[in-house]
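Undergrad: Could you put the whole structure together from the sequences, leaning on the hints where they help?
Those sequence lines, one after another, are chains A and B. Counting from 141, one number per residue, gives the positions in the first sequence under this note's numbering. Counting from 141, one number per residue, gives the positions in the second sequence under this note's numbering.
For the record, the hints were derived by calculation from the structure and aren't laboratory data. One or more of the hints may lead you astray.
Note that the list lumps identical chains together, so a pair holds whenever it fits in one copy or between two copies.
As the list claims (entries may be wrong) - Straight-line alpha carbon distances no greater than 25 Å define the calculated DSS-like cross-link-like pairs of lysine-lysine that follow:
hint, residue 1, residue 2
1, Lys268, Lys238
2, Lys268, Lys245
3, Lys309, Lys245
4, Lys154, Lys268
5, Lys196, Lys245
6, Lys196, Lys309
7, Lys245, Lys179
8, Lys171, Lys196
9, Lys145, Lys171
10, Lys145, Lys160
11, Lys268, Lys309
12, Lys198, Lys268
13, Lys309, Lys198
14, Lys160, Lys179
15, Lys309, Lys145
16, Lys238, Lys160
Everything numeric in this text was worked out from a predicted model, so none of it was measured.
In case you want the letters, here they are:
Protein chains: 2
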Amino acid sequence: MKIRKALLIIDMQKGSFTDKTPRFDTTGVVKRINALAQKFRVGELPVIFIQHDGSKWKAFVPNTSEWELLDELDVNPNDLILSKTANDAFYNSALEFKLRELEVKDLVITGCATDFCVEATIQSALVKNYNITVVKNGHTTGDRPHLKAEQVIEQYNWMWQNMIPTEGKIEVKDFEEVLMCI
Amino acid sequence: MKIRKALLIIDMQKGSFTDKTPRFDTTGVVKRINALAQKFRVGELPVIFIQHDGSKWKAFVPNTSEWELLDELDVNPNDLILSKTANDAFYNSALEFKLRELEVKDLVITGCATDFCVEATIQSALVKNYNITVVKNGHTTGDRPHLKAEQVIEQYNWMWQNMIPTEGKIEVKDFEEVLMCI
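TA: So this is what it looks like as structure tokens:
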């Protein structure tokens, strides 16, 4: 059986991209995600949007504006949209079941925020033995108390490249390189 | 039943503390870990050392010098020493089973490296619903290509404080505060 690949697009929601919470290179990241998603659809590979539901903490409540996906993201009726409630998109969600159903073992990971939900989901996927490709310039975050957003992104990209493989491996690749290999 | 607390001391092994891989404030971190461990033992609470086995990658091979725990660490015959093979100390290890056996739900986490095994283990513990206390000045790492060790430590301490709780909660506390509450 051919190992199937899926594109994960994590938490690209309006509430994370406000004037008060600017993210590094949002326009570029969205453009790259749209291009990747299009290539996945053409290849009949799953495109999965993860949408955070923060009802418990009265933030990112379903059907509010901050919960909505960014208008600039292309969403196709055949794409999957899955809800999550923790940083890790696998936690108490349908994600693992869906990936098993779709026979996916390879994940291409994009989204926001690098140091929260992207990182937590990558850590979780790795110990679930998925092969992971992080799109180096396909995830973003904001400035932190002691670091600029670019520094955070650099640190996590470097760290992911240096993690110990499980039964799955983890790689960090530039958007162009990922796009070519789908 | 009273919720039991355990102290996790991750990868404080000679191979991670060489002249070529200096770590931030090693002496202070070891001193704090020793003090915490002593308090846990007095309270009849488990002290668990995690020791990385990198045989598969020909590094940190059991019974070599780099695999050994630091000489400066106090290890008691009643302490547990558990082996791991990935960044996440729970991955294919006896840790979860042991914690269940010991009826532990609260983890106090220390060790090395902040951005690798400490982080991966924290992420994993949180989605396993443990309550986590990270000792703010009880973990360490080295300088990274784009950041000083102190900056990495600051970023992760800040990030952990801001994670979304699962059924477990996550806190970052100074050594003195943790010591007082055991």
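Undergrad: Hint by hint, say whether it matches the structure.
TA: Going down the list of hints, with the structure as the test:
1. Lys268 with Lys238: So Lys268 and Lys238 pass the 25 Å test inside a copy (14 Å) and across (20 Å) alike.
2. Lys268 with Lys245: both (10 Å within a copy, 22 Å between copies)
3. Lys309 with Lys245: within (11 Å within a copy, 30 Å between copies)
4. Lys154 with Lys268: Neither: 30 Å inside a copy, 29 Å across copies.
5. Lys196 with Lys245: between (31 Å within a copy, 22 Å between copies)
6. Lys196 with Lys309: between (34 Å within a copy, 14 Å between copies)
7. Lys245 with Lys179: So Lys245 and Lys179 pass the 25 Å test inside one copy only (18 Å; across, 45 Å).
8. Lys171 with Lys196: neither (32 Å within a copy, 40 Å between copies)
9. Lys145 with Lys171: Within one copy, since 20 Å is at most 25 Å while 47 Å is not.
10. Lys145 with Lys160: neither (35 Å within a copy, 39 Å between copies)
11. Lys268 with Lys309: both (11 Å within a copy, 22 Å between copies)
12. Lys198 with Lys268: Between copies only: 23 Å across chains, 30 Å inside a chain, cut-off 25 Å.
13. Lys309 with Lys198: Classified as between; 17 Å across copies, 36 Å inside a copy.
14. Lys160 with Lys179: Neither, since 33 Å and 44 Å both go past 25 Å.
15. Lys309 with Lys145: within (14 Å within a copy, 33 Å between copies)
16. Lys238 with Lys160: neither (35 Å within a copy, 45 Å between copies)
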